[in-house]
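Asker: The residues making up each chain are set out below.
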Amino acid sequence: MTIADGLKAAALLFVAAIVQVSIFTQVHVFGGVPDVLLVTLVAVSLLRGTIVGASGGFFAGLLVDTARLGELGLTSLVLTLAGYWIGRYGETTGRDRAHAPFLSVAVVTVLYSFGLLLVHFVLGEPAPAGAMLRGLVPSIVMNLVLAAPVYAVVRRLLRPLERADLATEVQLLG
Amino acid sequence: MAPPNRTARVAVLASSVQRSRSDRHPSRARSAAVRRTVLVLLVLLALALLTISFRSPTSGALHDVQGYGASALRPFQVAADRVARPFRDAYNYVDGLTSAKAENAKLRAELKTWHELALANLAASKQNGTFKRMLHYEGGPTFPSGYRAVNASVISFPSGPFDNQLAISAGSHSGIVAYAPVVDAYGNLIGHVASAGPTTSRVMLISDPESAFAAVDLTTKVTGLVRDGQGNTLILDRVPKEASVRQGDVIVTEGTRNALYPDIYPYGVPVGQVISVGTSDIASFLTVQVAPFAQLGSLDSVAVLVRKP
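So the protein sequences, as listed, match chains A and B.
Read left to right, the first sequence gives residues 2 to 175 (this note's numbering).
Read left to right, the second sequence gives residues 4 to 312 (this note's numbering).
Source of the hints: derived by calculation from the structure; they are not laboratory data.
Model, not experiment: these values are computed from the prediction.
All C-beta atoms in this analysis are idealised placements derived from N, C-alpha and C, irrespective of residue type, glycine included.
Honestly, I wouldn't trust all of these hints.
To be verified - Under 8 Å between C-beta atoms, here's a sample of chain B residues computed to sit facing chain A: (1) 33; (2) 36; (3) 38; (4) 50; (5) 53; (6) 76; (7) 161; (8) 162; (9) 163; (10) 198; (11) 212; (12) 213; (13) 214; (14) 215; (15) 298; (16) 300.
Isolated chain A, as found in the complex (with noise of 0.2 Å):
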């Protein structure tokens, strides 16, 4: 990870929670709002691993609170878990997998739903499991669209690391 590689990933996170901010907010297909930031956070995640993950999904929910003027760190608890988790995917089992964006766009957004859900239950703030429900399949598909382009852009900025740079927890020996 060069300081290059930091700054892009930076300037993909920042533009990506400014476009979900102030345009993809507006568009509601059936309940459901696509999360271009959550998508590109998998992106970037797959291909930098969990330390990169999990700070690029703490800064970039910290700008979308800001943005927003909501509850400062609401988001980014949910993304750096996110980031760190898809980060850890990346490095191990998804790695070199062509459906690994895919499966991990859906997964997570599932897991951010439900995040989501649970901290604001947590903060005893309205918590409407029923419309997140029936938002969720429309927001699983339109994030699914989005993966394939938003993988691409990422994948060109940040090409994929050798493998010898990613962590891994499987060591044969011999």
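Model the placement of chain B on the given structure of chain A, informed by the hints.
Answerer: Below, chain B alone, put in the same frame as chain A:
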């Protein structure tokens, strides 16, 4: 001892040779430790921010920093909005064409009704002014004459089911304070200012589950409490079963009834129209469903009502 058909590689995997934990893969162990440390630090930082932000949502140093941060991000949001606007306008244009004919007929019928009503209101308003002068009536601030409108564009929209708040491009520098009423371009109620930064503010919509305010049926003068309802509707709650509320009645804000507990909304801000009235044997109150006049899901600009000195 390994069976004869096993490969040498597997035999090595199965060997009982033990290596010390520290020198097995020192760089990988270090990498795992760094990874977990970063995660824990970021999660703790997010929790700390969340705690501070949650405990003081409308004031404090963090709130001020957030306000300045939002101001710094605003140019980028405006730029993104300008890029997207032609596409949105094109979509709205095509969408409008498909329903234009039916909408035209409906609006013509409505115009006839409203025209008759406007004439009746004009006469009543003149009579009301005369009565007030005769009685030397001292009223509180009224809508809209008692307020100055601060017009602002919407810079961030509700993002999903958890979010019923907007960010707007005007703040305390324009005279906006917390709890100031917010209306749309036609004067219909949208909500109130939840917190005001220097150049941006957060608006809680009337569809937020935490929002509740007193309202009155203009026709029957029945009062109730407006809160969020199913879908894109509101509920006029606490209306006794014996009260008379009819479909089509207009609901407006009730304003302050007790000077000790002033309402944040003045009297007479249009809220919505009754679309259904229901009840059941076991319910204590009527279920009055109200369709809000304001299009809460597609607001481009709003007006914050700042009380005139």
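Asker: None of the hints should be skipped; say for each whether it holds.
Answerer: So, going through the hints one by one against the coordinates:
1. 33: Residue 33 of chain B check fails; min Cβ-Cβ to chain A is 10 Å, beyond 8 Å.
2. 36: violated (11 Å)
3. 38: holds (5 Å)
4. 50: With a closest approach of 7 Å, the residue 50 of chain B hint holds.
5. 53: Check passed: Cβ of residue 53 of chain B comes within 3 Å of chain A, closer than 8 Å.
6. 76: Hint holds; residue 76 of chain B Cβ to chain A Cβ min 5 Å, cut 8 Å.
7. 161: Nearest chain A Cβ about 7 Å off; hint holds.
8. 162: holds (4 Å)
9. 163: holds (5 Å)
10. 198: holds (7 Å)
11. 212: holds (4 Å)
12. 213: holds (6 Å)
13. 214: violated (10 Å)
14. 215: For residue 215 of chain B, the interface hint is violated, since the closest Cβ of chain A sits about 12 Å away, which is over 8 Å.
15. 298: violated (12 Å)
16. 300: holds (7 Å)
The structure fails hints 1, 2, 13, 14 and 15 (numbered hints given earlier, in ascending order).
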